[in-house]
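Protein chains in written order, with my numbering: chain A, 1051 to 1306; chain B, 22 to 303.
Some hints here could point you the wrong way.
To be verified - In silico lysine-lysine, PhoX-like type, Cα no more than 20 Å apart, as pairs:
#1 B/K66 - A/K1174
#2 A/K1198 - B/K66
#3 A/K1179 - A/K1237
Honestly, the hints are just simulated from the structure, not real lab data.
Now for the letters of each chain:
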Amino acid sequence: MRNGEIRVRDAGVCYRLYREKVSTLKEAVVNRFRHLRSAEIFWAVRHVSLEIEPGEAIALVGHNGSGKSTLLKTIAGVLMPDEGEVFVQGRISPMIELGAGFDPELSGRDNIFLNGALLGFSRKQMEGKFDRIVAFSELGDFIDMPIKNYSSGMYARLGFAIAQDVEPDILIVDEVLAVGDERFQEKCKARIRDFRSAGITFCFVSHNYEAARELCPRAAVLHHGRLAFDGPIGQAWERYRELERGPAPGPQIEAS
Amino acid sequence: MTELTEGAPGAGMLTPARRSPLRELVNYRQLVAMLVIRELKVRYKRSIFGLLWTMLNPLLLMVVYTVVFSTIMRAPRRNFAIFLLSGLLPWLFFSIAILQGLHSILVNQELIRKVRVPQAVFPLSVVGSNLVNFALSFVPLLLLMAVVRQPFTTALFFLPVAMLILTVFISGVTLLFATFTVFFRDVRHLAEVALQMLMYLSPVFYDLEMLGQHDTWWFRAFRVFLQVNPLSYLLGLVRDPVYYGRLPPLSGVALASAGALAVLFIGFSVFNRLAPRHIHYL
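If we strip away everything but chain B, and leave its shape as in the complex, we get:
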């Protein structure tokens, strides 16, 4: 019953502006968990396989890729399906979380108008439910790895760390998109196109080692972009242990962690600064 006295919403501190947003969010962690469960429950309601779809979906994707690249097309690499999926699964986590999360304030506007609640719980719960999907998609991935005899190495134990870093980064970006969408509904359409482009400009279907050398200015520009693109490092966190069976380089991990934390800090600060004004634009 400690929450009733000290950390209870509306208790302790005075005007909403004086509450620390971080502490408030911590008090509402149970709400985030509940919203994640609600999202999953509602998404898979009336479907026979229910939550199994989170695993079936990537599994079917994998079957398609495996068949396409082992029989129809000549794959540029051994076990190309594993290579693709190790980039595609974190990419899908990233892009779907953003595209769903940017609606989250608008979708919950009825509630925001009537109940005082730290609004960050809505985009964050979208990230949470997509994290569950992402984590579950490793079950079929590992299964497929066993089937195609992709070696399992101890580097796989790095995956939880990779998930954590990805989640931190994606949370920051999603918070930013969620608040901007309230003020400019154009963001949604922009994001769709931008993500589509970014998918090809990030090492999802290829990686840096596969690129080779071309001596044209646009190719050099492309390489520079890949070097500054945070997704190059973030996607590597999953691909290195899964496909190459090695730990990602320490410098890359450090860079990705620091970047992810910075993005989360910026996203959370901007979001909380703009959140009180959301209600006027809903």
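Just chain A, same shape as in the assembly:
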């Protein structure tokens, strides 16, 4: 495999659901041991196969609860597939949520190093990036303040500033462009376009057609955990709209 390649083969991820409702004493007692017996199983993603080539940009589209985030987390390695295989080659910058792993008690400076370590960078390597990150974030003197005092926009700026500087082979972005003011959003988009032209594989989750079309020529539509469409973004969006209009039954649960 080459760096930046993602191969998802018949992948499935399931969650075990436990009913909280208790109506009898027996249930109450049995529920104490509910971890031990098999629960109802909900497949958030199932039978999904995708091949993403290095340097490709793909948008993951689907209604809420369609399994986009679960699939993305599987690619990022946060979740393990319960079925099938997920192969990912290269360094991933998991911007699943900007600022994941920030410690609110620590200053922006300390958080840059902590976040870098979470992504596998040594202190020395982060020192080399530090000035660039601070400059990109435009936080100035705020960098030495505890980040619990940051506004949500400042928080996101710092998160993006770190994520954009870790030299990824694969960039995963989950709805992060909705934060920050318009100017900063433009700056982030420009940075992502740089990545794209540098041949970095890009996975993007968005409900915004304009944003997705701007960055990704290809899109995969997920519907109730299945891959409903994979192809050019224009057609994908039509399919997505179609599915959205159709009946939307609740999540399907299979008893085990």
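Got chain A; can you put chain B on it based on the hints?
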């Protein structure tokens, strides 16, 4: 920049399951160090004495014990405060690391849900920060030893080895407790009670030589328990050089080292086997 190519997370190997957990942990050693520093930083933030508390705390404890056993109560031994502290300090390292470490996966769940990271770093960093506390508490202990004229012997040079063996053992136990707590939150409450009991069933406030002989079945059972209790050997690693001024018996050191390594191996294997399922139970 070697880490970028070979050992970088997400690089080199393919699915998470195929990565060797040990190698991965080695790649993240800097993260463990950083989490230790964070823990210490956050713990002592806004306190005037800061990290000094790690030394002040045992020092104040020592003053209390010294006063109590030299004036109020008749101590069963000379320099009884030193005797007590040489058992109590490693015990506190053991019990506090476990009680803090068993929360470590739950406390960091936000992160575990979002960033792929070897989860063992969280319990291990708790052990690390408690090791720092433990090591620093020797500064006031040695000071007190000088004050009460407890003889210093070359056996004290054994202490770093003792710390290493203790850390290996405590890491294994903490990893086990951390993963079990994810699946059964009861573990936390059980651990509190169990540790409370274990403190009295381990040679912290007494030692084997002090016990004497009673010819009752429960006393015999108690002695047998002390002989199989790993803490009997582990606490001796500190007490022997500090209080008795002698090296611990070689057989005891060998037994403690082998046991500690076995516990770490079991703890690490079980933890890594269960870790991928944590996220479903957080």
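Here's how the hints hold up against the structure:
no., hint, verdict
1, B/K66 - A/K1174, "violated (25 Å)"
2, A/K1198 - B/K66, "holds (14 Å)"
3, A/K1179 - A/K1237, "holds (18 Å)"
Of the numbered hints given earlier, the model fails hint 1 alone.
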